[in-house]
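Peer 1: One-letter residues, chain by chain:
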Amino acid sequence: MRPSFYDHLHPPTIPAAQARLRFTLGAGGLAVFLTLVVGFTGILVTFFYIPTPELAAKSVQELTFLVPFGWLMRNLHFWSAQLLILVAILHLLRVVFTGAYLPPRRLNYLLGLSLLVICIFLDFTGYVLRWDEGVHWALVAGTNLVRSIPLIGEGLYHALVGGSQPGAATLIRFYAWHLFGLMLILMAVGIWHLFRVRRDGGIAVPPPELRSDKERISRTELSRREGLAMLWATFVLIILAILVPAPLAPAIQEGTASASENLAPWFFLWVQQLLKLGDPFFFGVLIPLGAILLLALVPYFTPQRLSPAELGRWFPHGGRNVQVLVAVIAGVIILLTLLALLPLHI
Amino acid sequence: MRRGLILASLLLFVATGFAVLKQSRSLTPVGNTPSLTGQVEYCLTCHADLPVISQSHPVETFGCVLCHGGEPLALTADLAHSTLRGGGNPSDLTVVEASCGGEKCHNGTPQVNRDHIQRVTTSLQATYAGAIAQVRYAFGAQPDLTAQMGIFAIDGLSAFDPTAEASPAIQSFGMNCLYCHLTAQPLVGDEYSRWSGCSACHSPSPREDGTLVHQLTTSVAYTQCDKCHNRGNYSLLDIKFHPREDAPTDRLHDYYQPIAEFTRCEWTLDCIDCHTRQEAMGDGHIYNNKKEIQYIRCRTCHGTIESLPLTYTITDENDLALRLAFLNPKVDLKVGDTILMTDKGELLWNIRALPGVEGTTPSYELFSKATDQRLTFSPVIGSTCQQKPDQQDARDCHECHATQR
Chain A
10 MRPSFYDHLH PPTIPAAQAR LRFTLGAGGL AVFLTLVVGF TGILVTFFYI PTPELAAKSV
70 QELTFLVPFG WLMRNLHFWS AQLLILVAIL HLLRVVFTGA YLPPRRLNYL LGLSLLVICI
130 FLDFTGYVLR WDEGVHWALV AGTNLVRSIP LIGEGLYHAL VGGSQPGAAT LIRFYAWHLF
190 GLMLILMAVG IWHLFRVRRD GGIAVPPPEL RSDKERISRT ELSRREGLAM LWATFVLIIL
250 AILVPAPLAP AIQEGTASAS ENLAPWFFLW VQQLLKLGDP FFFGVLIPLG AILLLALVPY
310 FTPQRLSPAE LGRWFPHGGR NVQVLVAVIA GVIILLTLLA LLPLHI
Chain B
97 MRRGLILASL LLFVATGFAV LKQSRSLTPV GNTPSLTGQV EYCLTCHADL PVISQSHPVE
157 TFGCVLCHGG EPLALTADLA HSTLRGGGNP SDLTVVEASC GGEKCHNGTP QVNRDHIQRV
217 TTSLQATYAG AIAQVRYAFG AQPDLTAQMG IFAIDGLSAF DPTAEASPAI QSFGMNCLYC
277 HLTAQPLVGD EYSRWSGCSA CHSPSPREDG TLVHQLTTSV AYTQCDKCHN RGNYSLLDIK
337 FHPREDAPTD RLHDYYQPIA EFTRCEWTLD CIDCHTRQEA MGDGHIYNNK KEIQYIRCRT
397 CHGTIESLPL TYTITDENDL ALRLAFLNPK VDLKVGDTIL MTDKGELLWN IRALPGVEGT
457 TPSYELFSKA TDQRLTFSPV IGSTCQQKPD QQDARDCHEC HATQR
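Order-wise, the sequence lines are chains A and B.
Heads up, the numbering used here is the position in the first sequence plus 9, with the first residue counted as 1.
Heads up, the numbering used here is the position in the second sequence plus 96, with the first residue counted as 1.
It should be emphasised that the hints constitute simulated quantities derived from the structure, not laboratory data.
Not one of these hints is a red herring.
Listed below are the simulated SDA-like cross-link pairs for lysine to any residue, each with C-alpha atoms no more than 20 angstroms apart in a straight line:
#1 B:118 with A:255
#2 B:118 with B:173
#3 A:67 with B:140
#4 B:200 with B:416
#5 A:67 with B:125
#6 A:67 with B:127
#7 B:118 with A:245
#8 B:118 with A:76
#9 A:67 with B:172
#10 A:223 with A:23
#11 B:426 with B:409
#12 A:67 with B:129
#13 B:200 with B:413
#14 A:67 with B:135
#15 B:386 with B:442
#16 B:118 with A:77
#17 A:67 with B:180
#18 B:118 with A:253
#19 B:118 with A:75
#20 B:484 with B:497
#21 A:67 with A:181
#22 B:426 with B:414
#23 B:440 with B:388
#24 B:484 with B:406
#25 B:430 with B:409
Between beta-carbon pairs, the in silico distance windows are:
#26 B:240 with A:64: 53 to 61 angstroms
#27 A:302 with B:260: 50 to 58 angstroms
#28 A:59 with B:183: 29 to 37 angstroms
#29 A:161 with B:152: 53 to 61 angstroms
#30 B:120 with A:245: 17 to 25 angstroms
#31 B:174 with A:348: 23 to 31 angstroms
#32 A:174 with B:117: 39 to 47 angstroms
#33 B:117 with A:225: 42 to 50 angstroms
#34 A:288 with B:116: 47 to 55 angstroms
#35 B:99 with A:16: 23 to 31 angstroms
#36 A:64 with B:303: 34 to 42 angstroms
#37 B:303 with A:288: 52 to 60 angstroms
This structure is a prediction, so every number in the text was calculated from the model and none was measured.
Just so it is clear, CB atoms sit at the ideal spot from N, CA and C, and this is done for glycine as well.
Make the full structure from the sequences, and use the hints.
Peer 2: Listed below in structure tokens is the structure:
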């Protein structure tokens with residue numbers, strides 16, 4: 010019998026050290042699980058969502074208040090999407106801080122990084138689909154940011170927004186990007202990413218002769234652990250969905266100023282804070298792009314200095330420069346996010 | 097491992113149970129699809145016990161959202177109420193256009209008597225233009241008593257801005273004396289408590305325990321008018337409001353401050369039994385002071401020694417008099433009835449001419465709009481009154497007809 014995709018992802022045995030939670034943080038697996046949840050709940054909410062400016066926010070309210078378990082569906086979709094981004098970031102940090110970005114995993118590192126970017130765009134487009142006052146500011150500010158790009162900005166804005174200001178064309182484009190454009194790319198790159206894990210020799214690990222811990226776990230054990238993680242994740246998702254509802258606000262009214270709320274979604278708060286410093290193109294486009302570029306260059310900074318013996322553990326010596334770089338980027342992003350949340354005018 | 101699986105499964109089971117519980121405990125939506133909008137709204141889920149606001153605004157026809165705004169589908173108070181017009185009072189003049197306006201409602205043409213908003217927003221009660229002109233004139237800020245400024249800018253009036261005035265007295269006036277116009281929040285206290293906008297007169301004030309009364313009415317008692325009127329005096333000496341200090345115990349003394357003489361019908365009836373729609377709500381023109389718009393005199397109903405009061409015979413089912421009588425069903429008016437009419441042609445629908453014998457002095461019956469009183473009265477002609485027809489101010493009639501107080 011040909012091995013299934015499941016078997017491809019679950020070798021008969023894998024080194025026990027690299028299957029431990031304290032090494033992997035379970036982040037990659039959780040990201041896969043959350044993607045499945047967000048996809049499944051996404052399919053469900055699609056049956057109720059109406060992508061027109063007049064009805065979008067109404068249909069979300071209808072789903073939330075009138076459809077039995079609609080609130081649960083929507084809250085699960087919301088929370089799994091938010092947790093997915095968190096878990097994906099955690100996964101990225103784990104990979105960087107354990108040196109797992111080196112060849113042969115360099116391509117997969119880049120695939121993973123692009124998955125994070127796609128997830129953020131999926132999250133932002135989903136956020137905009139609410140089409141209510143809560144997203145109005147971020148929609149206007151976010152799309153205007155595109156306009157600030159020299160030469161191509163105006164064209165890109167029109168391609169994205171479909172007019173001189175957000176309207177029905179914008180909503181249907183964001184809807185299409187959310188459901189098709191970004192989703193298809195996510196699926197393609199995501200499956201490729203998963204496929205490459207095994208092709209690249211599984212989770213980064215030292216060569217057999219250099220391993221101190223020779224213990225291995227079976228495919229069944231791995232599956233069991235994954236099952237356990239999924240149970241816990243589902244538990245957390247349901248509790249969050251019950252206790253903390255996804256945000257809702259009154260529908261965007263044509264021609265009104267968007268003053269009710271002017272905070273970006275949490276994953277863009279750091280960009281919002283940067284924008285306060287000056288030129289939107291430099292602070293709002295170039296710096297975030299630069300940060301992503303720096304992260305993408307991570308595998309190219311230290312290939313010679315990190316020996317195979319250092320693989321498979323936290324904070325290998327040879328990867329110090331990259332660890333410091335990423336820690337600084339993460340620290341600055343967290344700091345900017347906190348500043349944006351604090352009621353300080355900086 | 098096994099224990100972990102069992103624990104996680106158990107917790108997940110419990111969490112799912114909570115989700116089911118939350119769903120089963122959630123409100124059962126009560127929908128209403130008003131015929132005017134055709135859009136379903138779920139306000140009645142929580143507000144089922146509210147009485148219909150008036151027989152002219154049945155909930156099956158108007159629903160809630162058409163007037164109040166709000167989110168019709170939301171079942172959480174915060175979201176549902178987040179877009180309410182004027183907070184709890186959609187008749188506030190800042191939002192009245194959206195709430196009560198519309199060609200077929202209260203912002204239509206004068207020809208079909210649907211220009212309420214246009215009239216009210218230019219009325220002295222809303223603009224306060226008369227008082228502003230008087231005070232600005234008194235303190236030298238304008239050369240005559242012509243109304244130039246209103247509480248808000250409208251038509252021929254610019255907005256009164258006390259901070260832009262040079263005279264400290266006018267600044268104090270702006271600070272201390274602008275509590276009565278229709279856009280103002282009233283002074284604190286049950287005796288002043290009222291809504292703003294249309295509801296200042298047409299909705300009962302909140303009860304003393306703070307609960308609200310969901311009602312629109314044209315049966316406005318004098319006590320409602322007295323939320324602004326007769327509560328005290330604005331003094332030009334110190335530019336302050338001085339609340340009345342007497343403690344009235346009966347209707348006569350409660351009705352007016354002890355500053356003038358009044359005859360019996362002026363306190364046994366309610367204000368709106370004599371004062372007309374145009375006097376209270378304006379006629380669409382800017383007036384310089386109250387005297388210019390307040391034109392009802394004793395003779396309007398009683399006539400003079402030379403003439404009978406003006407009358408009007410209802411000829412049409414859609415007559416304004418019948419519409420007004422429908423809003424406040426105190427009198428059973430019908431086509432063919434003769435009612436009284438003012439000098440300006442306003443219909444006094446609550447005063448009907450009684451059928452009499454040809455050639456004899458007619459008599460009339462008045463149905464009080466706020467109480468259930470029904471009074472019959474005769475005109476001056478045929479009485480012993482000798483008052484000259486060209487001396488018909490209240491003070492002239494009070495010479496003989498004042499009540500001791």
